[in-house]
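Join the two chains into one complex using the hints; note that each chain is given alone, in its own frame.
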Amino acid sequence: MVVVGAGYAGLSAARNLVDAGLDVVVLEARGRVGGRVWSETTRAGALVDHGGQWIGPGQHHLQGWADDLGVTTFPTFGDGANVEIREGRRHLFTGLVPTSDREGSADAVAALLELDLLAHEVAPGEPWTHPDAIALDRRTLGDWVVSEVGSAAARAMITTATLGVFGAEPCELSLLYALAYAHGGGSMSALLRTAGGAQERRFHGGAQQMAVRVAEALGDRVVLDAPVSSVRHGPGRVSVTADRVTPDGHRRPWRVDADRVVVAIPPATQGRIAFDPPLPGRRDQLVQRSPMGSVTKIHAVYERPFWRDEGLSGQVVADTGALRLVFDDSPDDASHGVLMGFLAGHEDRILDGSGTAGRAAVALAELAAAFGPVAGSPIEVVEQHWSAEPFTRGGPVACLGPGVLTGCGPALREPVGPVHWAGTETATAWSGYIDGAISSGLRAADEVTAALGRPVRQGA
Amino acid sequence: MATADELAEAYGDWRGRCNANPRLAKMLRGWDRTVHLVTSDTGEGYTLSVAGSVLGELRSGLVGAPDLVVTATSEDFTDLFWGDLNPSEKYLNGEIVLAGSSEDVMRLDAMSMVAFLDQ
Numbered sequence: 010m011v012v013v014g015a016g017y018a019g020l021s022a023a024r025n026l027v028d029a030g031l032d033v034v035v036l037e038a039r040g041r042v043g044g045r046v047w048s049e050t051t052r053a054g055a056l057v058d059h060g061g062q063w064i065g066p067g068q069h070h071l072q073g074w075a076d077d078l079g080v081t082t083f084p085t086f087g088d089g090a091n092v093e094i095r096e097g098r099r100h101l102f103t104g105l106v107p108t109s110d111r112e113g114s115a116d117a118v119a120a121l122l123e124l125d126l127l128a129h130e131v132a133p134g135e136p137w138t139h140p141d142a143i144a145l146d147r148r149t150l151g152d153w154v155v156s157e158v159g160s161a162a163a164r165a166m167i168t169t170a171t172l173g174v175f176g177a178e179p180c181e182l183s184l185l186y187a188l189a190y191a192h193g194g195g196s197m198s199a200l201l202r203t204a205g206g207a208q209e210r211r212f213h214g215g216a217q218q219m220a221v222r223v224a225e226a227l228g229d230r231v232v233l234d235a236p237v238s239s240v241r242h243g244p245g246r247v248s249v250t251a252d253r254v255t256p257d258g259h260r261r262p263w264r265v266d267a268d269r270v271v272v273a274i275p276p277a278t279q280g281r282i283a284f285d286p287p288l289p290g291r292r293d294q295l296v297q298r299s300p301m302g303s304v305t306k307i308h309a310v311y312e313r314p315f316w317r318d319e320g321l322s323g324q325v326v327a328d329t330g331a332l333r334l335v336f337d338d339s340p341d342d343a344s345h346g347v348l349m350g351f352l353a354g355h356e357d358r359i360l361d362g363s364g365t366a367g368r369a370a371v372a373l374a375e376l377a378a379a380f381g382p383v384a385g386s387p388i389e390v391v392e393q394h395w396s397a398e399p400f401t402r403g404g405p406v407a408c409l410g411p412g413v414l415t416g417c418g419p420a421l422r423e424p425v426g427p428v429h430w431a432g433t434e435t436a437t438a439w440s441g442y443i444d445g446a447i448s449s450g451l452r453a454a455d456e457v458t459a460a461l462g463r464p465v466r467q468g469a
Numbered sequence: 018m019a020t021a022d023e024l025a026e027a028y029g030d031w032r033g034r035c036n037a038n039p040r041l042a043k044m045l046r047g048w049d050r051t052v053h054l055v056t057s058d059t060g061e062g063y064t065l066s067v068a069g070s071v072l073g074e075l076r077s078g079l080v081g082a083p084d085l086v087v088t089a090t091s092e093d094f095t096d097l098f099w100g101d102l103n104p105s106e107k108y109l110n111g112e113i114v115l116a117g118s119s120e121d122v123m124r125l126d127a128m129s130m131v132a133f134l135d136q
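Order-wise, the sequence lines are chains V and C. Read left to right, the first sequence gives residues 10 to 469 (my numbering). Read left to right, the second sequence gives residues 18 to 136 (my numbering).
Careful, some of the hints might be misleading.
As the list claims (entries may be wrong) - Using 25 Å as the maximum straight-line C-alpha spacing, the simulated SDA-like pairs for lysine to any residue come out as follows:
#1 C:Lys107 <-> V:Gly205
#2 C:Lys107 <-> V:Asp268
#3 C:Lys107 <-> V:Asp341
Bear in mind the hints are in silico, worked out from the structure with no lab data behind them.
In isolation and in its complexed conformation, chain C is listed as follows (with noise of 0.2 Å):
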């Protein structure tokens, strides 16, 4: 289990290279979306937004209402977003599920599948 501030150090890490990845930025050209991140575990919930191709702050609750909603443990999160663990695998074995139209669920998961293996 990780803490909202292991989870929130994690994120702002994965985040800046997100950001700096020019790869990303074209997949990520005119999608703007609110995702919401629920732990499945905590039981906590966090808002980002994605905008003119920048992933935002992470906000502490539920903020809006989201395009797409991603489920996982707190730890699962953290490993994610400090590029430990392989989203795809996770998405396989259904311990990350993503929530949202068929369109929003290939981006964000093409885009999670970059960022872990452009780092």
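Chain V with its partners taken away, still in its complex shape (with noise of 0.2 Å):
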């Protein structure tokens, strides 16, 4: 077996893959796995997460991955009061939302009750099913707001949450799609919290640790610095080559030879393997049409989080402006201090050509006007701009627009003769999180231990 990608969705098919008695190999185009998900200690000694970081109540498969590693989470820090930014203003608040516009507020929270009611008639791993899915993946999210939602404060409260969620704006989602991806992990609503919600936890030690540890068990299965480059399939046969790094630095094509190949990276890089036969042109349209989000994570480091002793959580959400949501991202000891921020949707890509100087001058100079003075000051800023990023190439998840999933839906999923998919834009739950990667990887093993005629793990 030849596994396409270490994230979290390549190593799940990997593990159960070899835990079926098959000899598997897995091909990662960086060097390190875990995908979307990468820890680092940056130079100031503070452990940050450049990509996936939480979890929240639902995730099973993760919270499985993390009680079998023994690895341990903690609360995100949410006590005291939050920022909000807007129209240029600066206004606290306590609670899920902003208390300055209050009508503008209640109108928000009206329309995502209405959006999650929606949502919860929408099966997420199969939308196209809907009885109007064709009607509802004609629309961008971004419509339905214009349409359904009064107040401009509303509206803009919605676009920071979609952009938060996302990486991209309103108007670039389907809504059939925002819908189902809503649905998946519970509602709207729950994505958006912290305690209670897709952000409720983080893990001691850093997400990616769980990835590391199961390509460690995977030992020199797990092949790095192997970018593949084509797929040629036929029945029952697959060969995969990778420009893999040779000891001398060069680059020379690898080729496996396989019964069958789990391709589990994003669809936009996908487009970047040759298969050989073509793919059928519903995948292939498929694969085209799901870009990735935009997004930019900036974290600023401070000796310690200042803002909590000024009663602060260390959230912030603006309505205007480059970072429109901030978390408190310090360490469970807080032996640093740490501000996270998201650049995200159409600013992520205004600031592209800034580089990475300029994203951070933006970024401090909002950090400032949210915490003060000391806030412009870090002792490090360090930022990972996934949109710029060869083997995701943005984030945090594929972002549909109007038409593709009812018009290619059905192949997310399809095995492509001895081609099956994995990766979390394939999950029927949590798509976009690490759980649904992690369950992607599950399910695309067993499809795989089902088409060799192995017998599939048990409760699947």
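See below:
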């Protein structure tokens, strides 16, 4: 078996294929495992998660990995008042929604409920089966917001929420896709929350370590620095070619023959692999129409979380500017203070040409506006500009526009001969999250073992 | 700790405001439910019904099979009904607990937040 990609999806597939007694090679393009989940200790000694970092209620697959590997979690810090930046002015609020414009917030809460009630009618794994799927898929989330949400303040709040969840503007997302995505994680309201929601807890030691430990257990089955360039496939046989880095630093084509391949990378990167014979038209169209969100994660590191002294949670919600959402990302022992902000959607693309220094300057000015001048002078700023990262090409997830799910959705998980598909985008629950990646790997491994006539794991 | 009379008086005020709020009437459309309120400090139970987008009177005792059960202290219930308490803070802290189907919890959660914001 070959698995393409050593993110959580690929490692999950590999782990289960090995458990089924199959020979497995995992080809990973980067020099590390974890995919969109990457923890790094900065020069100042702060551990930061450049990508996926949270776990929340209902994420049983990820919790299972954490329990198996003895990795513990701690609550995302949220004590105290949150900062709201609205029309350039700073306000404080406690609880879930800003209170500076109560009418606007009430409008936003009512709209989110409407959205969540609609979402509950959509099957996350196969949204194209909804009786009104075509109509829902013709509209964008932005169209819905314009027609259903009365106040400008509420529309701005939903836009900020969308940027945080998808790394995309509401006008870029099919309404059907947004509804299915929300229902896959419970509700849009749940996706936005810290306590009781998708951002509830973080991992001691970072979110990547479970991937690292699973890869260690897989040993030399995991081959790093081996981006796959082509997949030749025929009935019951595949040849996968990677440009593997040789000991002398050169890249040489390296072919692995196998019975089956599990492709566990984002659709946008699948388009860079040459499939021979070419993929069926609908599958290829799906790949072409699944662009990644645009996101940069910026961490500002301080000696200590000074904002907590002022009774602030470190969380910011903004209706304008570059950083629309900020969290306290300090370690559990508060040995450093860390503020983490998302640059997302249009703002991320606008600031692409500004470079790391330019984005940091914009981010620090906005942090200083939210937390005072001290926030503008951290001991270190680090960023991960996912939009320019060649092996994910954006983040946090593929963002499907109108017509894609109803036109191409059924091809999402459908194997093409011996080629199977995994990755969080293929998950039927928690798509876009680490949990969805793990479950997608399990499902793909089950498909492979079933196709080979091997016993499928208990409970599958 | 709030007395039963204080809680009932606060509920009466909240009910009047909610039933006069067109946004809430829209949110409650088609959502006919029985809700039990349980006070964690005094161990008392109350029942309210939602029917035809209208909140009914508060009845003493746990009457009928509930679709939702809300548990909080008598003081938190009273403060929430007077509009002095941000319900989302109490949900986040786990000091107000909602039990029911995910859709019913979502509805009541949103409704109580709108009632708080729209006063």
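Here's how the hints hold up against the structure:
no.: 1; hint: C:Lys107 <-> V:Gly205; in the structure: holds (12 Å)
no.: 2; hint: C:Lys107 <-> V:Asp268; in the structure: violated (55 Å)
no.: 3; hint: C:Lys107 <-> V:Asp341; in the structure: holds (23 Å)
When each numbered hint is compared with the structure, a violation occurs for hint 2 only.
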